[in-house]
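Kindly produce the complete structure, drawing on both the sequences and the hints.
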Amino acid sequence: MAFIGSSTRVSALTLLYAIGSLFVGSSSALPNNTVTINPLSYNVYGSNAVFRNNTFANLFNPTNTTAPFFQVFDPSFLTVLGDSPSFRVIASNPGFAFAHEAPIWVPSTQELFFASAAGSPSGFSDINHNNQVAKISLNDVTTAIAQSSNATAPVNVTVTTLDLPDTVQMTNAGTGPYNGSLLLVNSGRGPLPPNLVLVDPANPQNATVILDNFFGRQFNSLHNAKIHPTSGNIFFTDVA
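With mature numbering (1 follows the signal peptide of the UniProt record, and there is no 0) as the guide, the letters of the sequence shown map in order to residues -29 to -1, 1 to 211.
Worth flagging that the hints you see were computed from the coordinates, not collected in a lab.
Some clues are possibly wrong.
Claimed, not checked - Derived lysine to any residue pairs resembling SDA-like cross-links, with alpha carbons at most 20 Å apart:
1) LYS106 / PRO172
2) LYS197 / GLY161
3) LYS106 / THR37
4) LYS197 / VAL130
Said to hold, decoys possible - Simulated DEER-style distance windows between Cβ atoms:
5) ASN177 / THR123: 36 to 42 Å
6) ASN110 / THR201: 29 to 35 Å
7) SER47 / GLY17: 27 to 33 Å
8) SER55 / ILE8: 18 to 24 Å
9) THR179 / TYR13: 41 to 47 Å
10) ASN184 / ASP45: 34 to 40 Å
11) ASN174 / ALA(-1): 17 to 23 Å
12) THR80 / SER55: 44 to 50 Å
In this text, all values refer to a predicted model and were calculated from it rather than measured experimentally.
Glycine included, each C-beta is placed from N, C-alpha and C at the ideal position.
In structure tokens, the structure reads:
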């Protein structure tokens, strides 16, 4: 888990960047900016506990470590972080939550897709305005980092907005690739129904609706999805 504070999440993409290999590290000693947490220690707070009531205003930080830092809940994450992990802003647009959720990495093109905040002023979307799905090139990120002056200096690569049809409304989640396509989970907007949509990551990003009802009943607000790794079945949630 990357602990970067609430202000960064709405207007910037932050790359978890380790000097050297991203997938080679040592778990014998903790890298800088890293703390370990045993989640079992916090399973039960008790009836007299003071609970967090705001996800972003009251962050889970039992070690009282100054942000930004990495919280490690499983030792295997240390092999991902490497020996010298650091934070770096790779794309930013102050005041616009353009990279809020629905991240999908396409390995074949080294592109990262994501969606802006749906139905939120920070995402410039409401009953009359759809949110946006966009992408960046991780190859551009690599080039920008190589040309950067130090290991943490911000870079700002190009964010490309996808031109999607009206069937894609308020993208709330995404996963994949699924048989080569992006799977977008859309909560709908006004009279436009929630649905699951497959989108070709290549231009012109053709979109195909694969589900928009449950035996004739419209969904309420589809929110998340996961593809089973062996069966390929799609599991998804609908907010009550």
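Status of each hint after checking the structure:
1. LYS106 / PRO172: Holds. LYS106 to PRO172 sits at ~10 Å (cutoff 20 Å).
2. LYS197 / GLY161: Not OK: LYS197 and GLY161 at ~25 Å, beyond 20 Å, violated.
3. LYS106 / THR37: Distance of about 31 Å is beyond 20 Å: violated.
4. LYS197 / VAL130: The given pair, whose Cα atoms are some 25 Å apart, is violated under the 20 Å limit.
5. ASN177 / THR123: 36 to 42 Å: holds, 39 Å
6. ASN110 / THR201: 29 to 35 Å: holds, 31 Å
7. SER47 / GLY17: 27 to 33 Å: holds, 30 Å
8. SER55 / ILE8: 18 to 24 Å: The hinted range 18 to 24 Å holds for SER55 and ILE8, with Cβ atoms some 21 Å apart.
9. THR179 / TYR13: 41 to 47 Å: The hinted range 41 to 47 Å holds for THR179 and TYR13, with Cβ atoms some 43 Å apart.
10. ASN184 / ASP45: 34 to 40 Å: This hint holds: roughly 39 Å between Cβ atoms.
11. ASN174 / ALA(-1): 17 to 23 Å: violated, 46 Å
12. THR80 / SER55: 44 to 50 Å: violated, 28 Å
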